[in-house]
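I would like the entire structure built from these sequences, with the hints used as guidance.
2 protein chains.
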Amino acid sequence: MPLSRQAVTPELDLDGLDRVLGIHVGTINTLLLSRLERQLETFKVTPKQVAILWLVNANPGVKQSDLSRFFKIERPTVHQFVRQLTMNGHLVSEPSKLDRRAGGLWITETGAATLTAAREIIFTDEADLLSPLTADEQAELYRLIIKVYLSAPSRT
Amino acid sequence: MPLSRQAVTPELDLDGLDRVLGIHVGTINTLLLSRLERQLETFKVTPKQVAILWLVNANPGVKQSDLSRFFKIERPTVHQFVRQLTMNGHLVSEPSKLDRRAGGLWITETGAATLTAAREIIFTDEADLLSPLTADEQAELYRLIIKVYLSAPSRT
DNA sequence: TATTGTTATACTCTATAACTATA
DNA sequence: TATAGTTATAGAGTATAACAATA
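Going line by line, the protein sequences match chains A and B.
Those letters in the first sequence? Residues 1 to 156, by full-length UniProt numbering.
Those letters in the second sequence? Residues 1 to 156, by full-length UniProt numbering.
Rather than coming from a laboratory, the hints here were simulated on the basis of the structure.
We treat Cβ as the ideally placed atom computed from N, Cα and C, and that holds for glycine.
Keep in mind that the hints are not guaranteed to be accurate.
Unchecked claim - One side only, chain B facing chain A, incomplete, derived with CB under 8 Å: (1) 26; (2) 137; (3) 145.
Listed below in structure tokens is the structure:
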């Protein structure tokens, strides 16, 4: 018998809703994020802010438009996270000398400390989430998700 | 060489961010949802509203608290969707005669028509998303996601 | 003209706190 | 006391429209 979400709420007729993969992807996503949000509260950052911080740390002077391309989100959306991170002292923005339209982003000491702590939490959460799977299954899940992602339709 | 998101933005040093599965799950989730939102605009419903409608259709007289349990979201959150669906004529709520605290939910003709159309869109989108995978891979992805979901930590 | 950043505004999904009514 | 529903409010993440500055 295949695994099914039916077991969780036997009183409901799911009528095939649990055959929609997106439902489970969404639920897992929400559970992961809300747990992470609570754990990051101490550091005054949100999950998305950490992701931005991660790339700024690894790419000093990166532009907002590069982040927009990577995350597949719009520039004003990126800007919002950058503004929050700047206000909280995790990031600084210096106008580029080469192209005065663009402003490079740099992480601060505070930001770097926050990132280090956040990374630990993220790795622990993720290992936790995947613990019901064997190592082979984890690798396969990872491979399949990436494969789907790589040919996923862009927003535009 | 393993599949990697690095290929999409070669100019960025991802510094292991793409080894975080949650990042890809989140991106896929958002891409799926935003496409679906646009397609459902005509019918004046959102993805989550359709999911609610789906279960109300299959379980006439269902209570809000049952939906809360299934979706793992709080009662006030369910209520919000129910209110929207009621205002737009997709749903009606009748107080139960057995337990006057509870109100059973029933789908309307409009709601049923919307659900039928929405289901088509959802199945098409999903087939599209999974098309890069072979049938075996799709089945395996489904199995792994459900397995993760079933042992995923609850919110509480 | 095209790109980068910005501001203003709005929508979707979710939560918590506090309330009413009923069991 | 516990459960069902409700109201009010807020926060995270996202978008579009419109603009200024620069290339």
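Right, here's what the structure says about each hint:
1. Given hint, residue 26/B at the interface with chain A, holds; its Cβ is 6 Å from that chain's nearest Cβ, closer than 8 Å.
2. For residue 137/B, the interface hint holds, since its Cβ comes within 8 Å of a Cβ in chain A; the closest pair sits about 6 Å apart.
3. A hinted interface residue such as residue 145/B counts as satisfied when its beta carbon comes closer than 8 Å to some beta carbon of chain A; here the least separation is about 5 Å, so the hint holds.
Hint violations for this structure: none, all hints satisfied.
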